[in-house]
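Take the given structure of chain Z and dock chains E, G and D to it, following the hints.
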Amino acid sequence: MIISASTGVIAILLIPVAAAALFALLPGYRISSRLNVLASFLTFLASLSLFFGDHGGRGPYLFVDDLNIAFIVLNTFVGFTTSVFSASYIGHELETGRLTPAYLRFYHAMYQVMIGGMNLALTANNIGLMWVGIELATLTTVLMVGIYRTHEALEAAWKYFILGSVGIGLALFGTILVYMAALPVVGEGLSGMVWTVLVTQAAQFDPALINVAFIFLLLGYGTKVGLAPLHAWLPDAHAEGPTPISAVLSGLLLNVALYAVLRFKILLAANPGAIAPGPLMVTLGLVSLLFAAFMLYRRRDIKRLFAYSSIEHMGIITFAFGMGGPVANFAGLLHMAMHSLTKSGIFFAVGHVAQIKGTQRIADISGLTQTHPWLGWSLVIGVVAIAGLPPFGVFMSEFLVVSSTFAREPLLAIPLVLGILLALGALFQHLNGLAFGEPTGSKAPSEASYVPMVVHFGLVLIAGIYLPATLVAWFRNVAEILG
Amino acid sequence: MALILDLAVQGAQMLLVLLLAPLLTGLVRKVKAHLLRRQGPPLIQPYRDLIRLLRKEVVLADNASWLFRVIPYLAFAATWVAASLVPTFGTGLLFSWSADLIAIIALLGSARFALALAGMDVGTAFGGIGSSREVMIASLAEPAMLLIVFTMALVARSTQLSAVADLLATSEVGLRVSLGLALVGLIIVAIAENGRIPVDNPATHLELTMVHEAMVLEYSGRHLAMLELAAAVKLLLYLSLIGCIFAPWTLAEPDSSTASHFAGFGLYLAKLAVLGFLLAVFETAIAKMRVFRLPDFVGGALMLGLLGTLLLFVSRSL
Amino acid sequence: MSHGLTFDVAHLLAGGLVLVSFLMITQHRLYALLNAFALQAALLSLSVAWQAYVQHAPHLYITAFIALVFKAIVVPVGLHRIIQRLGIHREIETVIGSGTTMLVGMGLVALSMTVMLKVTPTADPLAREDLAFALSVVLLGLLMMVSRRNAVSQVVGFMSLENGLVLAAAGARGMPLVVEISVAFSVLIAFFVIGVFLFRIRERFDTVDVQALDRFRGERR
Amino acid sequence: MVLAALILSAALLAIVPIAIVTGRSSHGRIIVYGASLIFSAALMLIALASLFAPPSTISLPLGLPWLGAHFRLDALSAFFLAVVNLGGAAASLYAIGFGAHETAPIRVLPFYPAFLAGMGLVVLADDAFSFLVSWEFMSLTSWALVMAHHRVADNARAGYIYLIMASAGTAALILTFGLLAGPDGGYSFAQMRAAHSEYAAAVLILALLGAGSKAGLVPLHVWLPLAHPAAPSHVSALMSGVMTKVAVYGFVRIAFDLAGEPAWWWSVVVLALAGITAVMGVLYALMQRDLKRLLAYSTVENIGIVFIGLGLALAFKAHGMAQAAALALTAGLLHVFNHSLFKSLLFFGAGAVLNSTGERDMERLGGLIHRMPQTAFVFLLGCTAISALPPLNGFVSEWLTFQAILLSPQLPSWGLKLIVPAVGALLALSAALAAACFVRAFGVTFLGRARAPAAGRASETDRVSLTAMGILAALCLVAGIVPGFFMDLLAPAVGSLVGQRLPAQTGADWLSIVPIAESRSSYNGLLVFLFMVISGTLAASVIHRLASDKLRRAPPWDCGYPDASPATQYTADSFAQPIRRVFGTVVFRAREHVEMPPAGDTRPARWRVELHDLAWDVLYAPLASGVSIAADRLNHLQFLTIRQFLSLVFAALVILLLVLALWL
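Those sequence lines, one after another, are chains Z, E, G and D.
All residue numbers in the first sequence are consecutive under our numbering, ending with 483.
All residue numbers in the second sequence are consecutive under our numbering, ending with 801.
All residue numbers in the third sequence are consecutive under our numbering, ending with 1022.
All residue numbers in the fourth sequence are consecutive under our numbering, ending with 1686.
By construction, these hints were calculated from the structure, which means they are not laboratory data.
It is possible that part of the hints are untrue.
Said to hold, decoys possible - Away from chain E, derived, C-beta distances all over 10 Å, residues of chain D:
#1 I1029
#2 V1043
#3 A1175
#4 G1207
#5 L1231
#6 A1457
#7 L1499
#8 A1562
#9 P1578
#10 Q1599
Unchecked claim - Pairwise CB distance ranges (calculated):
#11 G:R886 - Z:V17: 46 to 52 Å
#12 G:V984 - Z:T7: 28 to 34 Å
#13 Z:L38 - G:H812: 56 to 62 Å
#14 D:P1584 - E:L498: 53 to 59 Å
#15 D:P1077 - Z:A473: 27 to 33 Å
Said to hold, decoys possible - Some chain D residues flagged as far from chain Z (calculated, every beta-carbon gap over 12 Å):
#16 L1073
#17 P1076
#18 A1224
#19 G1282
#20 R1393
#21 R1471
#22 D1484
#23 R1485
#24 E1617
Where is the CB? At the ideal position from N, CA and C, for every residue including glycine.
One chain only, chain Z, in its complex shape:
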């Protein structure tokens, strides 16, 4: 059996595929949306079994180690909560006639395919397979972004598609180069693409070759991460797609792409002769952070606003991993987890808002705390959390990044702090209009369930005050792996 992996791994790969096949056949959207929740929940359980049970074997194709288990659990969890949210979201879309049942069938199938693709990318032990998984997820999201068939949606999808495909190409070229670098050492054949093999032998690789490889991989997967200047697809894709997809994009896909970059960073770090990947990532991170911070000011579309904030945070995370070292890596991981939870929570809130008010224009939404106290205050909490203010988890990670950076490289900390402050200014400038002031638009109460949103923010709040010891121990362990 070539795939020697635990049943858990099989489960998190097969459940989505099976579910996708099922949804493709099921006519009724209600039942399939419920099943969607169920399937996502099962996947989440499977990933938990991976977390608490044994990590399973290390086949040449699939494997699970401390690094990717973090991402897997996070992904499946957010995937689950998002499915709950979308169950209460999609119905409304059908009522307003933005979607037809046929599209919904497609939607649910694609949702599961996307989850499956990301899980594949995460569990892949084979850099080729990882590439395939990420591309799969990307293409499905492309289809989802365009699902509304409006001018804007189609344009967004098209933009996403072209930029994404070029990213695909570059990433593949990088992968080939890595294989070429491994060829003399590892020898021909499959093992030349098995990550566990590569990382053990990376020391003997030809440094120059993997340098080039890393550049291609960084740009290729960086396009998916949404790092400036490769970000162009991200805001539109977030803004024009269905809100659950925006949540998944921000919460999951970016992480997965980042995960790929991290894998190769480890590879490079293992090779003494190679250039340090740090400076590259730090530069890209700072550029994205500052760029996104400035872009936040002029946004008029609420979902695009938070999409840019995702770029900003991806910048911070990339910066942290670029800095390296136990503290910064820990901060990076923490920040990634916190950002996924917070941002997807925010998108849940935004989705409800957009449905109630019937618009995404920031200018047309105001006084939410007046008309919809729960929703409005949740949005406030979300923005407070994402802006990196205590007592929420993002603050802890930003505190660690900033203070550790300042102690090591004072000059790098200045732009970092400036960027964070600029972003905060922009976010609250918009929040003032959204949550406060004279209410406008419909005051109709929304029947959607706020549970996922509240759960996310609750988790972020708890994490900001108390991190369980096991979680910490294992985060630090991963931080060690990242070096």
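For chains E, G and D alone, kept in the frame of chain Z given last:
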């Protein structure tokens, strides 16, 4: 015995300032009148005025508040307490340690604060003019005074007035530039604080030039008497302050004999007379300033004080 | 046969690819562009086949076959159709003049040569050549994508980019998944073509000029 | 001790859910404020009890994982905890009455106890992370309270600016602690004390930025006069009277405790800023028409006075003059206490006026002493105290500061020699101007005649609020009469920071205070008070017995032509005019515009004065415009075509490859 003597000195001092103050005012008026080739009122005229005012009934504005009626006594009390802590004819007042120079100035500040409020109580235009101009002048004069105090305190290493006087009385101090600056500054401040020409004209009732008079415009009867007396005491205070700091040799030591105390008393009267005369001469020699030229005048005192302090700070290190 | 011969043939074919890429950059008329691309695809399938022969890797023949059928025949024909429908065969729609394009292309090739030949002293020469040429083809493809305004030529640019990738993949001795990847890419390209086609059929966009696709740029509402 | 304090803070936090539930009901107010009153009173007692106790520490498995949350209750934090919760208790009591007029209680009640808890936790925190979390939590809750009346556009703007400034300050503090902690991240205060950072300069500057922006040091003060008045009055009192003190605590903790031995020039920076702050603050206050804004600006002034004390203490400490340092620090901290008393009192008074007249604009007030006599009386006491007039408490702390200044000629370094006298002058100037400012505030608001009908219809405020104000006023008087007692309370904190403490004051005869030596200086509030009372009453009684005590009411004399219309009274602006003429043209670039219609034209003549906040014009406006310009420029990148985006990618690739080709 010593304690009794001290008590006597302190009590005498308190009565003395009260009794002498109107006389000093009368003296200044008389001298000014003579310089203007006028007969002028008799020296004891101020006493007569006070007694007449005390006998009169108070005519109170309809909308005057309780504050308006309290303030005269408040202002008087503050001024009197301040004055009774300034050595006149003898140092070593029993309670001199209960308030040093800074506190004395602050007490006068309290009196002014109360007066300024009184000016605004009835809600007339003139009261407002008076108060606002008064606080403007004070906002420059008070810091000037404080800086002058710094100068002396730095020389004497103490803000206790009696200590300052004692030290200046001894010859070790000698002549110091900063003390000279302080003297000039102190004189300017004294003129400003007492509303004398060129800052303000105590005799005028020409509306737009009034400062102090405008504040007390609505007062009458015993209230007015209190305020007049307070003003007189204040003038006395400043003159005796100048006297005891810059001519401290006449002060009687605490433990000295009763005779020397009487000698000190006589010399003190002489000092007052001289200073009052000089004040009158100065006032007749100079014309009243426009209100908005006052800042230059009083600010000058501020600069002098700062200069004196700065000199001391620097010279200490040399 | 001698090592030299294999090397020369591979070198010849890969170099041919680069040359055709240059040819494509300079083309102004879409038909000519398509023909050039078909030529490139044919060359690609040849070189892949040669690699299969050299490496004794039969599965590469599949890749070669896909390249030949799909890219050298199906796609060009399909695009011909589209162009006819759109009636844009006469358009000349470059952003920068062909001369500059040529110069830039030269620079890119030089760049890829220096990078690759410098960094791969240890790899076997055949692979080095392949990589160097593949990189130049990739870069040239990108150059075409950014220097052309209309969607068809962008598709063509992307496909030549992808030709470079397949070339590299084939050149990588014993690399697994090459076939799968080439298939995956064919699917991608199909997406591309269909996408252009769809937009036309559904009258969503008045032309396939990419700028028109950008007309509703994000927030301009 | 510290455990009890933490439990009580947790109890305060526990009120929040109750507040959310009962917020809309009528008795929710009583519950929330009553509970806050009890808990903060208890906290104050604990703080007082632990003033002289040895430091007690505790660490919880919260916050930063490998660090845990450390809390410590030593003399310094005990003092500030006492100040914070004294203010908190008073505000809660006041709010029981005042809150009845709140229009949107649900937006106030939940955040109020959280705000109190946040301030308490900042003082208790003993590691960088929990300090910053509590610090920013304090800012956030107060921000929410500022946004309570969010429909007023100005409030929204105020809240925005406040939040930006607060976050910037927090960022500065993060950097400060980053430096103090060093690369290996020793974030607990104990480790920071042990380690000595080599970037002391940067530490001080950043700490000044961080704590100063919260305390309101010029030029970081711009948010303060906007945010403090925007909040409900009892919250304004807390923000002005207490939160700024927490900021002072932050600075003291860092500069005196964590940063190690100070360099002499630190004090130059601090003193310069402090002197400017004191004078600028009071000048701004003098120009205000809005009563609450006036009070906020006067907070800026008093913070300046506090920092003068701290700066002097730094100077003396740097030169090893422990005795003098103790005096200066005592002066500063005592002023912290005093200011928290009378500023809260004044804001309460302003709140009462606001409630009964609906007006904050002094030009529409007047004559309130007749309508609300008790409020007027306590407000007057507050004004006297804040004007540093004996025998109240404001005078004592400024007197001590003057004494400290008079000790400074012994300082060897020249920079200090030149700046200290100047600062003394600035302090004296600010004291005198403060008196002017509060004559104006009280006179225009409470004296004279009602300038608008609302003021004429005002009625005395409720008993509970009056009680709260009365307590504070009484404390102001007590602290002014027997200051020695309060100075002794400060002794342990001061001793722990500068190594020496002042001689015990309560021992001195007649309860007078003798900071250094009898021969040098002494002050006796009790005697001064007694003298004034005795002589005043004596004079009054003598006159009433011997001379006339007859009294007749009549229309005002007003030089013979009284005018019935209240419009002829001096307004707040006209009262400030002379001082504006003297200082304003320089400090505010003040301009007066008079438009006089030609003869025969019936239009009224208009007079308008135009003031500029220099800090805003010079610092913040350019910053804001720069950001917006940059945002506009970059915003074009949102609107490129796909091809152009592709060329971005392409360019990135080529550049990276070039870099590689050139490097290798």
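Each hint tested on the structure:
no., hint, in the structure
1, I1029, "holds, 44 Å"
2, V1043, "holds, 46 Å"
3, A1175, "holds, 33 Å"
4, G1207, "holds, 44 Å"
5, L1231, "holds, 30 Å"
6, A1457, "violated, 6 Å"
7, L1499, "holds, 14 Å"
8, A1562, "violated, 5 Å"
9, P1578, "violated, 4 Å"
10, Q1599, "violated, 7 Å"
11, G:R886 - Z:V17: 46 to 52 Å, "violated, 38 Å"
12, G:V984 - Z:T7: 28 to 34 Å, "holds, 30 Å"
13, Z:L38 - G:H812: 56 to 62 Å, "holds, 58 Å"
14, D:P1584 - E:L498: 53 to 59 Å, "violated, 40 Å"
15, D:P1077 - Z:A473: 27 to 33 Å, "holds, 32 Å"
16, L1073, "holds, 29 Å"
17, P1076, "holds, 29 Å"
18, A1224, "violated, 8 Å"
19, G1282, "holds, 16 Å"
20, R1393, "holds, 34 Å"
21, R1471, "holds, 37 Å"
22, D1484, "holds, 29 Å"
23, R1485, "holds, 34 Å"
24, E1617, "holds, 35 Å"
Figure legend: structure checked against the earlier numbered hints; hints not met, in rising order: 6, 8, 9, 10, 11, 14, 18.
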